[in-house]
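**Student:** The lines below spell out each chain.
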Amino acid sequence: MKKNFKVVNNLTPSVDGKGLMQGRGVYTDDLAPQGALIVKILRSPHAFARIKSIDVSEAEKYPGVACILTKDNVPHVSFTRAGQGYPEPSPYDKFILDEYVRYVGDEVAAVAAVDEETALAAMKLIKVDYEVLEPVLDFEKAFENKSVIHPEDGIHDMFPIGFEPKKNVAAAYEMEVGNVEEELKKSEVVVEDTFYSQAQAHAMIEPHTCNARLDEHNRLVVYSTTQTPYHMRRIICKTLGLPVDRVRVIKPRVGGGFGGKQAFHGEMFVSLVTLRTNRPAKCVYTREEVFGCSYTRHPMRISLRVGANKDGVINAIDCRTLSDTGAYGEHALTVFMIVGSKVLPLYNKVKAVKFGGKVVYTNHVSAGAYRGYGAIQGNYAVESIIDELAEALHMDPIKLREINSMKEQETSPIFKIMGEGTEGTEMIMESCKLPYCIKRGRELMDWDKKYPVKKVGDHKIRSVGCAIAMQGSGIPFLDMGSCTIKLNDGGSYMVTVGATDIGQGSDTVISQIVAEALQTTMDKVIIYSSDTDLTPYDCGAYASSTTYVSGNAAYNAACKMRERLIKEAAVELKAKPDDVEFDGKVFKAGDKEISLVDLSTGRLYNNDTHQIAVTESYHGHVSPPPFMAAFGEFEFDTETYEYKMIKYVTVTDCGTTINPALAKGQVEGGIIQGYGMASSEAVIYNEKGKLLSNTFDTYHIPTVKEVGELVTEFADSYEPTGPFGAKSVGEIGIDTPPAVLCNAVYNAFGVRIHHLPITPEKIFEAMKEKK
Amino acid sequence: MLVKFNLNGLDVEINVKPGEYLLDTLRNYGVKSVKKGCDGSSCGACTVLVDDKPVLSCSLLTAKVEGHKVMTVESIQDEAAALSECFSREGADQCGFCNAAFALMVHALKKENPHPTDEEIKDYMVGNLCRCTGYQSQQKAIKAFLGGKK
Chain Y
1 MKKNFKVVNN LTPSVDGKGL MQGRGVYTDD LAPQGALIVK ILRSPHAFAR IKSIDVSEAE
61 KYPGVACILT KDNVPHVSFT RAGQGYPEPS PYDKFILDEY VRYVGDEVAA VAAVDEETAL
121 AAMKLIKVDY EVLEPVLDFE KAFENKSVIH PEDGIHDMFP IGFEPKKNVA AAYEMEVGNV
181 EEELKKSEVV VEDTFYSQAQ AHAMIEPHTC NARLDEHNRL VVYSTTQTPY HMRRIICKTL
241 GLPVDRVRVI KPRVGGGFGG KQAFHGEMFV SLVTLRTNRP AKCVYTREEV FGCSYTRHPM
301 RISLRVGANK DGVINAIDCR TLSDTGAYGE HALTVFMIVG SKVLPLYNKV KAVKFGGKVV
361 YTNHVSAGAY RGYGAIQGNY AVESIIDELA EALHMDPIKL REINSMKEQE TSPIFKIMGE
421 GTEGTEMIME SCKLPYCIKR GRELMDWDKK YPVKKVGDHK IRSVGCAIAM QGSGIPFLDM
481 GSCTIKLNDG GSYMVTVGAT DIGQGSDTVI SQIVAEALQT TMDKVIIYSS DTDLTPYDCG
541 AYASSTTYVS GNAAYNAACK MRERLIKEAA VELKAKPDDV EFDGKVFKAG DKEISLVDLS
601 TGRLYNNDTH QIAVTESYHG HVSPPPFMAA FGEFEFDTET YEYKMIKYVT VTDCGTTINP
661 ALAKGQVEGG IIQGYGMASS EAVIYNEKGK LLSNTFDTYH IPTVKEVGEL VTEFADSYEP
721 TGPFGAKSVG EIGIDTPPAV LCNAVYNAFG VRIHHLPITP EKIFEAMKEK K
Chain Z
772 MLVKFNLNGL DVEINVKPGE YLLDTLRNYG VKSVKKGCDG SSCGACTVLV DDKPVLSCSL
832 LTAKVEGHKV MTVESIQDEA AALSECFSRE GADQCGFCNA AFALMVHALK KENPHPTDEE
892 IKDYMVGNLC RCTGYQSQQK AIKAFLGGKK
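Heads up: the sequence lines are chains Y and Z, in that order. At position 537 of the first sequence the residue is numbered 537 (the working numbering), and the sequence of numbers has no breaks. Convert by adding 771 to the 1-based position in the second sequence; the result is the number in the working numbering.
Derived from the structure by calculation, the hints contain no laboratory data. For every residue, glycine included, the Cβ atom is placed at its ideal position computed from N, Cα and C. Be a bit skeptical, because a hint or two may be false.
Unchecked claim - If the Cβ cut is set under 10 Å, some of the chain Y residues that face chain Z in the computed set are:
id, residue
1, GLU117
2, THR118
3, HIS394
4, MET395
5, GLY708
Unchecked claim - Label pairs and their in silico Cβ distance ranges:
id, chain 1, residue 1, chain 2, residue 2, range
6, Y, LEU11, Z, ASP822, 51 to 57 Å
7, Z, LEU832, Y, GLU140, 46 to 52 Å
8, Z, MET772, Y, HIS755, 34 to 40 Å
9, Y, VAL132, Z, LYS914, 35 to 41 Å
10, Z, MET772, Y, ASN10, 36 to 42 Å
11, Y, GLU182, Z, LYS914, 56 to 62 Å
12, Y, GLY64, Z, LYS835, 45 to 51 Å
13, Y, TYR537, Z, TYR800, 54 to 60 Å
14, Z, TYR800, Y, THR638, 30 to 36 Å
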C-alpha cells in the first residue's frame, strides 16, 4: 500500500476551476454554430392518446420554417433512450416519434426554423387529431390495467428482463437466498412497513442542450450535454441507420448531470434536421421541459418485513418493491435491482433474504437514471425499518447496525446473484471501514447527548437520526474506460480519456492519477476528454464508475508510459532498462543521465525521432462499494411542525480520496440533493396527469438557507483494486438523508412518515392520527 | 432597435428586437459567460451587474439598459481567478455553470457590505441556486475570499 502521495490525496486545485469561474464559453450551447436552426418540440397535451393524424402543411409554409419532423417522416425504429452499454438492459420501447403519446409533454413533432419565435409560431399551425385514451396515473393500479400503455408492435427487450408490455410491465425481478418465510417464522421479533418515494427531479442548472452540424467531410458532428458520448454515437447510428464512422459526438463542459444526462433529449431531432437540411441545428430545453419532458427518479413503493432475535441478530429481510417507470422503461430493471443489490448487502449476516417485484408503466413523465439509482429509495425504506426494529427490540439503533452490518473481509451472497440487469459477481470487501465510520460519526454528532430528542426552547425540540449506506464502483465486466497518453516536447503529457466530466471533477482526478504515477506535477498534464473522434472509448459517467474504472485506465496508461520512457532513456544512456532510474524529471544509469525535457524534445526533433504514446484500458472484475455512516440533527417547531437541518455528519469510506476537496464536494452535494428529496421536493400532478411542479418556483430544491452545518470526514481506507486505493464517491452521498430525516422525525414526535418528501403537513397529519 | 450601453468598459451599440431580453442580447453578442438556467428569474445563473447592482438578465429588457453600465464576469477576471482559488480549496468546484454569476454576486456583495456575517452572505446569495455543491463549501470560500485569505 503506497501512501506517500505527492499529488493524489493532496490539496490540488481543479484543472478547470479558474477558467470556469472566469466565464469561458465552453458549455454545449456556448459552442452552438452561429445561425443554427432552432428546434422546438410540439408536445402532447394529453397523458395518453393516439395520434390519428398530423397535418403540417400550413406550418411548413410558414416563412422561416426549414423542416418539420413527425412520426410520418422519421425512421420507425424502436430503441431505448437510456444511454447504456450494449445490449441494453432497458426495453426498446421508444420510437423517435410515435403514433402514441404517453404523458403530458411527450413528443409529437419537431419544428426547425430560423429562430425560436418562428418555430413557436409555426408549431401553432400544426393540426393534430388525437384519440384521447384513458391514462394510468396511479402506479399501484398499472399492472394488468385495461389501458395498455405500450400496445404497439415492434418493441422488445434485448435479453429477458421480465418485459410484459401488454400487462404494463417494463421489467420484473425475483430472487431469494435461503428461506425467508421460515426464518421470519423462527424470528422472535418481526417488523413490517411500507414506504413511498417520489419522482425526484435532477434539476441540474444547465438544461439539456444539443446541437448538430456537418463538418468538411460531411460527417455529422453532435455536441451534447451527455454523460455517455460513446453510447450516444452508437444509438444515433443504429437508430438513424448511419455507419459509426459518419458520426462524431462531443461532450463539452457539462453543467451538472446526476444521471439526468445519461439518456437522449433532442439529439435525434437535431441530427435528423441537420442531415435533412444541411444546416446546423440546435435544441435547448426550457426549464419546464427539463422538469416535465426529460425523466425523473423512479417513484417506488417498498414493503419490508424484517425478522430478528431478541439479541439483535437479524435473520431475514423480505423486500417487495413496485417501481413506476412512467411512459418509457429507461433503466427500469437496473434501478429496480439496485434497490436490493446496493442496500441489502449492508446487512450481510441474514440467513435469508428475498427481493423482488415489478416495474410498471404509467402515463407519468418517464423515469430514468438518477444519482443513487435505486439505492436512495431502498435506503429510505431499509434504514427506516431498521430503526423500527431497534425500537421493537428496545435496542440502540446504532448498536443494532453495528451488530448486523458489513465488515472488512466479509461478503454477501447478493453480490453474486444480483448484477446490473444480469447475474452479479462475487466479491470480498477488501476495504470496509464502516464500523469506524459509525463510531466516528457518532462522536462527531455527539449522539449520546442528543439522542433521541432534546427540548431547546418554548416550542422547539431537536432530534437526531442516523443511517448507513453503501454503493458500488462501476459495473464489473461491463464498464470499460481507456486512456491515451502522448509525450510532448518539453516533457509534458497530453492525456486523452473518454471519461466524461459532468462537473464532478473527473478531468482533475484523472490528471492527478497520471501526475502521481509519472511523478510529475499537475501543470505538466494536459487533459482532453469525451470526444468520440479524438479520445479513446469510455462507457461514460454513470454507476459511480469514473474514478475507479476510468481512473484505473489512467493509472495503467501512466504506468505503461513510465515503462516506455525508461526503455527510451535506456537507449540514450546505453544502459539496460533495469538499470535506469527515473524520478519524474531525470533518467539516471550509473553516472550518465538525461532529462525528460531533453529526451522528449529529442524524440520529436533530433535522435531516433518518433512519437511516444501509449493507450491502456481497464474493466473491473469487482465493484468495491464505498460505505458511509450519516447522522442528522434537526430542529422542529412543536406547534407548526416546521423544521430545519442543524447539522449533518457523514463519515465515508471511499478508499483514498484522490482529490479530498472534490470528494468532500461530492459527498456534501449528494447530501443536500438527498435532503431535497427528503424534505422539500414535492412532485405534483394534476388529475389529468400534467406535471405542475415544473419550475424552480413550484419544485423547491434546497437553497443556501436550508443547509445546516455539514461535517464531512473520510475514513482512512485503501482499496487494493482501485487507482492509488480509491473507490467511488459520486453517488453515496445522496443515499441517507430520507432515512435520517424520517428517523429524526420519529425520534422527535413518535410518528413515522411513509411518503417522501417529509413535510410539516405530513407530520401534522401523522400526529392527528396518532392521537 | 439600436441600444447603446457600456459593456465591460466599452461603449457598444447593439441591434435588438423589441422585447428582447438582455440575456439573449449578451449571448448573441458573444458574451457566453452569462447562462440561461431557468427562463423564469429563479435560478440566478444569468446574473449581470447593471450600474454595479446584480440583475437577472433573463428578465430585463435590453432596451432598459440604454445608457447604463453592464458588467459580466469578463470585467472582473482577476477577482474571479482569486475567488476560484478559494472555491478550489473548499471543495466548491463542480460543474461551474453558475460560477460566473456567483463571482458577480460576490463582487457586488463586497462593494455593498465588505464584512458580512455568515447570515448576511446567505441572505445575499439565496437567489443563486446550486445543485452540485451543497452550498457550505461555497459559503466558506466566499467568506475566505472576503476575509482576504488566499
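**Student:** Hint by hint, say whether it matches the structure.
**Tutor:** Hints, one by one, checked against the model:
{"no.": "1", "hint": "GLU117", "result": "holds, 8 Å"}
{"no.": "2", "hint": "THR118", "result": "violated, 12 Å"}
{"no.": "3", "hint": "HIS394", "result": "violated, 36 Å"}
{"no.": "4", "hint": "MET395", "result": "violated, 32 Å"}
{"no.": "5", "hint": "GLY708", "result": "holds, 9 Å"}
{"no.": "6", "hint": "LEU11/Y <-> ASP822/Z: 51 to 57 Å", "result": "violated, 39 Å"}
{"no.": "7", "hint": "LEU832/Z <-> GLU140/Y: 46 to 52 Å", "result": "holds, 48 Å"}
{"no.": "8", "hint": "MET772/Z <-> HIS755/Y: 34 to 40 Å", "result": "violated, 53 Å"}
{"no.": "9", "hint": "VAL132/Y <-> LYS914/Z: 35 to 41 Å", "result": "violated, 56 Å"}
{"no.": "10", "hint": "MET772/Z <-> ASN10/Y: 36 to 42 Å", "result": "violated, 55 Å"}
{"no.": "11", "hint": "GLU182/Y <-> LYS914/Z: 56 to 62 Å", "result": "holds, 59 Å"}
{"no.": "12", "hint": "GLY64/Y <-> LYS835/Z: 45 to 51 Å", "result": "violated, 28 Å"}
{"no.": "13", "hint": "TYR537/Y <-> TYR800/Z: 54 to 60 Å", "result": "violated, 38 Å"}
{"no.": "14", "hint": "TYR800/Z <-> THR638/Y: 30 to 36 Å", "result": "violated, 55 Å"}
This entry does not satisfy hints 2, 3, 4, 6, 8, 9, 10, 12, 13, 14, going by the numbered hints stated previously.
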